[in-house]
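K.L.:
If you want the building blocks of each chain, they are given just below.
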Amino acid sequence: MDIPRETLLLIYERMLKIRHFEDRVKDLFAAGELPGFVHLYLGEEAVAVGVCAAMKDSDYITSTHRGHGHIIAKGGDMGCMMAELYGKATGYNKGKGGSMHIAYPELGILGANGIVSAGIPIATGAGMSAMLRKSGQVVACFFGDGASNEGTFHESLNIAGAFNLPVVYVCENNLYAVGTRQSQVRKIEDIADRAVSYGMPGVVVDGNDAVAVYEAAFEAVDRARSGEGPTLIECKTYRWRTHFEGEPDTYRPPEELAAWIKREPIAPYRKLLIEQGVMSEAEAQAIEKKVVAELDAGVEYARSSPLPTPESAMADLWA
Amino acid sequence: MDIPRETLLLIYERMLKIRHFEDRVKDLFAAGELPGFVHLYLGEEAVAVGVCAAMKDSDYITSTHRGHGHIIAKGGDMGCMMAELYGKATGYNKGKGGSMHIAYPELGILGANGIVSAGIPIATGAGMSAMLRKSGQVVACFFGDGASNEGTFHESLNIAGAFNLPVVYVCENNLYAVGTRQSQVRKIEDIADRAVSYGMPGVVVDGNDAVAVYEAAFEAVDRARSGEGPTLIECKTYRWRTHFEGEPDTYRPPEELAAWIKREPIAPYRKLLIEQGVMSEAEAQAIEKKVVAELDAGVEYARSSPLPTPESAMADLWA
Amino acid sequence: MRQLFYNQAIAEALAEEMRRDQNVILWGIDIGPYGGANACTKGLYEQFGPSRVIDMPVSELGYVGMGVGAAATGIRPVIELQFSDWITLASEMIINQAAKMRYMFGGVLQMPLVIRAPVGGYLSAGAQHSNSFESMFSFVPGIKVIMPSTPYEAKGLLKSAIRDNNTVLFFEHKKLYAMKGEVPEEEYTLPIGKADIKRPGSDVTIVTYAYMVGKSLAAAETLARQGVDCEVLDLRTIDPMDREAVLASVKKTGHLVVAQETWRDCSVSSEVAALVAEEAVDYLDGPVVRVTAKDVPIPFSPVLEEYVLPKEADIVAAVNKVLNRVSV
Amino acid sequence: MRQLFYNQAIAEALAEEMRRDQNVILWGIDIGPYGGANACTKGLYEQFGPSRVIDMPVSELGYVGMGVGAAATGIRPVIELQFSDWITLASEMIINQAAKMRYMFGGVLQMPLVIRAPVGGYLSAGAQHSNSFESMFSFVPGIKVIMPSTPYEAKGLLKSAIRDNNTVLFFEHKKLYAMKGEVPEEEYTLPIGKADIKRPGSDVTIVTYAYMVGKSLAAAETLARQGVDCEVLDLRTIDPMDREAVLASVKKTGHLVVAQETWRDCSVSSEVAALVAEEAVDYLDGPVVRVTAKDVPIPFSPVLEEYVLPKEADIVAAVNKVLNRVSV
Ligand SMILES: Cc1ncc(C[n+]2csc(CCOP(=O)(O)OP(=O)(O)O)c2C)c(N)n1
Ligand SMILES: Cc1ncc(C[n+]2csc(CCOP(=O)(O)OP(=O)(O)O)c2C)c(N)n1
Ligand SMILES: [Mg+2]
Ligand SMILES: [Mg+2]
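Chains as they are written, first to last, in the working numbering: chain V, 360 to 678; chain E, 360 to 678; chain H, 3 to 330; chain R, 3 to 330.
Honestly, the hints are just simulated from the structure, not real lab data.
One should not assume that every hint holds.
Claimed, not checked - One-sided excerpt, in silico: chain R residues whose CB lies under 10 Å from chain H: (1) Tyr47; (2) Arg292; (3) Pro301.
Said to hold, decoys possible - Pair ranges (Cβ atoms, derived): (4) H:Gly109 with V:Glu587: 30 to 38 Å; (5) H:Gly109 with R:Val328: 33 to 41 Å; (6) R:Glu184 with V:Gln543: 32 to 40 Å; (7) H:Glu48 with E:Ala618: 22 to 30 Å; (8) R:Arg4 with E:Glu670: 47 to 55 Å; (9) R:Glu223 with V:Ile620: 51 to 59 Å; (10) E:Ser417 with V:Pro612: 40 to 48 Å; (11) E:Ala656 with H:Arg327: 50 to 58 Å; (12) H:Ser53 with E:Ala626: 40 to 48 Å; (13) V:Gln543 with E:Ser494: 19 to 27 Å; (14) V:Ala674 with H:Gln228: 49 to 57 Å; (15) E:Arg622 with H:Glu188: 50 to 58 Å; (16) E:Ala674 with H:Arg327: 29 to 37 Å.
Claimed, not checked - Derived pair list, reagent style BS3-like, types lysine-lysine, alpha-carbon separation capped at 27 Å: (17) R:Lys253 with R:Lys196; (18) E:Lys630 with E:Lys649; (19) V:Lys493 with E:Lys649; (20) R:Lys161 with E:Lys493; (21) E:Lys385 with H:Lys177.
No residue lacks a Cβ here, since even glycine has one placed at the ideal position from N, Cα and C.
Throw the hints in and build the complete structure from the sequences for me.
P.N.:
Right, dumping it as structure tokens:
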């Protein structure tokens, strides 16, 4: 597949953004600077970025509790995100949302979500909306392997199949839901096989290979946009951190984690781009520098931003 | 398959019971004798009876809003059922339940249910219970084609698959949910194909052929009882009446109905049994006479039974 | 004035709003050619076609959740649940998503979502087809709850609900679908959050709503013949509740009966009584009395259901009790 | 006396009941080797094995519904929901099945089902991880609702819940898991449906429960220093509510404050106020005041959450208000 250079570079930059953003969140959380809970996307960067790179700004995504990666991949600003994580008035959602509830409809981001699987019908409805409004928009719906056992997965995919909705269902199979290995509570190996139930294609891809994810997503987005209906893409991947920051990692074999870290998505991709002459080593470094500078500025923005006024808690409920 | 004579006769008798019972309910409802709503099972007799004939009295079933057939098939008494439909104190459930809520745990009947699909997790839990108690019991879970689009179908079958629960899922595919042809809201033809998602066998049978249903159920019950796990059996059938009594039949092609009535389950079965020497014409007539007498007595019992006292409404909530 | 049935008034409201705004889209079960289980969408499929009136599979969580996603992206979905009893299945999407999304996202989107569903008993429909869950949803901020008691209100309030940019639950009483009443032919809407005095009176306030309005009015007539003058206040909107109207009436009469069809605990009747205990206790000349269903599931047998659900006579008895009056 | 953490008290109650009755079986998410998100099942998998402590997939409707089927057939399931917020997803199985099955089947079966779930805010966990839905379930007949405020009560009430033959929702407050308190080593149970006077007093009754008990006691101390003697009544069981205890206290003090963490409308606080308006209005020497969360979803940012959720100072202010006393 012939992927445009800007797309290849965008994939690189956004994967790096996620990597650095999440690493920083990890440190800031450990330092006690961030309230609440955070669930990091480290190790899964290629999934969100590979999918979103195949989409337009005007397309929609729905995200999960592990949402930072999706939001950055869709073009989210690290400063506005970080300010939200700090609970600041300048955050994407004025501090009302926090890590699990970032939304920015201007970039098609219909929200991270604290309820496992809740994004699935919402994405499906956005797909119905796009179809009804004949807007040509496509929706990517991110959810985990755990979420694929929720009833709404079934209901939503059935409806999307029946109505040929323009939705790409992206299952991030990182083998675990919190501390439970999902092979213990699901008989079948590949979640993509469930596509059969809904008369849609089911595809398995290596979720740590950004190009493979991009190609699968590109095809699915194309199908969706041309009215041929939804696709279920299962991306095999792994989260490097525990379920949420601060949780002890007692339930995963260390060798398993080590093996997946070895198969990390960014370095080989970087190598590939340099080898193929898409970017030079110097360009790669420049991109990384830019990303870090942007992140530093974002953290600074977040830190120096004002807290919301207490009374602002009463605003924004009713339209 | 070698089916014992008593079983063959039992299948005949119980199908007849359902046929006569439902016909009578139709008339009594039209005459204004029965309060509330009734959903009739006419035309689908072979499904409930074929499945239950493969089970023991101590095995469990869960049923639906269209439950009379399942309850008779599991051995329910027509008098106690009829009294329940009349709202009498002598009904199976003291008049508190009515047509949609008949239960009789002594025969393993865990209840008809007014909520579409609600019996599915309940059956799955009864299966878990049987496994945990090592009771050797098996559960048959009846539900419609409409119900197979509910989320709990997915959740329950996934769990049953993962834990090898002794449950036989029986989907009664009668093509419609109320007034909506289900092929409009489901992309795939065979609901049995969904078994793939749960790592269990999926079987399609002619739901108007009692022997075919019995054989499929026998195998599935056997699998379940020997610890090999659940099965999804899809029975293709058709309801002769509208969704509930009193509803105009505006949404089904009359030819479709006529064709299915032509393929009705009882007469050919009767013929088969006579041809194969399982029963004589005289025996067949005697069985039918007995069934009608039992039904007449049941209706008489129901009619002459007392109403519950108003104050009894306050009993039976707390154990 | 022209008379319409309650379900016709609903169908007319839907049709008018669909003509007014092409983003108003209906979905639900059997609402297309079938016309809806209660005929509330009769003729709409024929008039607006399959992309405005959409039949869904039996998947409540899915298609209500789709309403959330569609409402967030420019559609104004009006979703029918065949009975409100199984709103339980969709409640996650209402309680944690629709009700919260605008707020928790800091106001970046709107949620113009209407969910219509029939409620109520008196039909021998049994424990799973006779519920009224308005209290549970009134508890949750971010949802409006409307329960019209006449065809006039059904139409006027449904039109307002559809134009509202927030999530609205619109509960229609099954026994009212066949009620006939005056509905103007001219365009009108009714304000959300305003109660209506269905009968002015000076001795006792009866706060009520939905199907109980009729029973309250009947009770008021009976009591009027005995010289007791009841004010019957129809809440119309359960949430936001018209607290001023309740307080004004109680301050006038000094006596409060709350009459609702459903169970007592943590219900609308609790809220009304609590409101008065907080804001107008000094005006009360006696205890508050609540008329509600008895605290058991709704049984099937008519004789049992009649015992469990509130009746006109219960309202009369309650008024006599608050007035410390021997029943006649 | 020996001290235990609240979550340890829960684990101990589970272990004791599992030893006492082999049909007591636990299931939920991450409750096995992981020990539960709040360590309430720590060590139980090791002790009782995989057929007594069962890890489920993320399928709330499914595994709660299985609890209904298992409870109807001889098992006593004790199910953990990781947070109570998504009890919405399982609510059909609780509200229309577990709560109604015994009744609508005329008493032919029992429903010994316990659902444990953490509730509450004050953790910056955001709008979907800070809810307390006890009011919604108290509304429904056929369900008992328990909310223990100390380790002692957690253990004693959970044991009673497990032995009860009806559906019990057992809501544990997240902030209390790390509370330490005295728990006897000898076997004991506490009765369901009995409130507890956590602090006797004569001037004002504060009816409260769960995490707000501590805040109410702190407020009472503050007020005591100002010469106001508050009685703090811990409901412990939300449903069935100990109405006699509430009425007795209010009749004694003549003043009522209800302090609950969650929203106001159609809530437990409404019910308590309504009860008093019905049964003890003549004893009230002033208005009832409710201390509740403000009527918005629980926001994430600590400064916002603090503004929305009730504080000790709000209880102090409420007491001053009912006493018509200028705050000092
Ligand atoms: C409905 C619901 N159930 C349970 C939870 C608790 N929970 C939060 S994340 C999570 C695991 C989800 O696993 P998966 O979908 O595989 O996503 P991952 O965390 O692996 O990215 C669980 C169980 C929740 N938030 N919502
Ligand atoms: C959860 C739920 N949704 C909708 C209904 C209304 N309803 C009752 S029966 C029915 C159709 C069910 O169709 P199917 O499962 O195919 O069973 P059938 O009636 O064809 O036997 C519907 C939609 C209901 N009772 N419960
Ligand atoms: Mg996962
Ligand atoms: Mg059907």
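K.L.:
Would you check whether Arg292 (chain R) satisfies its interface hint, that is, whether its CB is within less than 10 Å of any CB in chain H?
P.N.:
7 Å, holds
K.L.:
Keeping to a limit of 27 Å between CA atoms, is the pair of Lys385 (chain E) and Lys177 (chain H) held or broken?
P.N.:
24 Å, holds
K.L.:
Is the distance from the Cβ of Arg622 (chain E) to the Cβ of Glu188 (chain H) consistent with 50 to 58 Å?
P.N.:
56 Å, holds
K.L.:
Within 40 to 48 Å or not, the Cβ separation of Ser53 (chain H) and Ala626 (chain E)?
P.N.:
Taking Cβ atoms as reference, Ser53 (chain H) and Ala626 (chain E) lie about 45 Å apart, which means the hint holds.
K.L.:
Determine whether the Cβ-Cβ distance between Ala674 (chain V) and Gln228 (chain H) falls within the hinted range of 49 to 57 Å.
P.N.:
This hint holds: roughly 51 Å between Cβ atoms.
K.L.:
Is the hinted pair Lys253 (chain R) and Lys196 (chain R) satisfied, with a Cα-Cα distance of at most 27 Å?
P.N.:
Within the cut-off at roughly 18 Å; holds.
K.L.:
Verify the CB-CB distance for Glu223 (chain R) and Ile620 (chain V) against the hinted window 51 to 59 Å.
P.N.:
Since Glu223 (chain R) and Ile620 (chain V) have Cβ atoms about 53 Å apart, the given range 51 to 59 Å holds.
K.L.:
What's the verdict on Lys630 (chain E) and Lys649 (chain E), does the C-alpha distance respect the 27 Å limit or exceed it?
P.N.:
19 Å, holds
K.L.:
Check the following: the C-beta atoms of Glu48 (chain H) and Ala618 (chain E) are separated by a distance inside 22 to 30 Å.
P.N.:
Given about 28 Å between the Cβ atoms, the range holds.
K.L.:
Take the C-alpha atoms of Lys493 (chain V) and Lys649 (chain E), compute the straight-line distance between them, and say whether it is at most 27 Å.
P.N.:
The hint is violated at about 64 Å.
K.L.:
With 40 to 48 Å as the target window, see if Ser417 (chain E) and Pro612 (chain V) comply at their CB atoms.
P.N.:
43 Å, holds
K.L.:
Quick one: are Arg4 (chain R) and Glu670 (chain E) within 47 to 55 Å, going by C-beta?
P.N.:
Once the Cβ atoms are compared, 49 Å apart, the range 47 to 55 Å for Glu670 (chain E) and Arg4 (chain R) holds.
Violation of the numbered hints given earlier is confined to hints 1 and 19; the remaining hints are satisfied by the structure.
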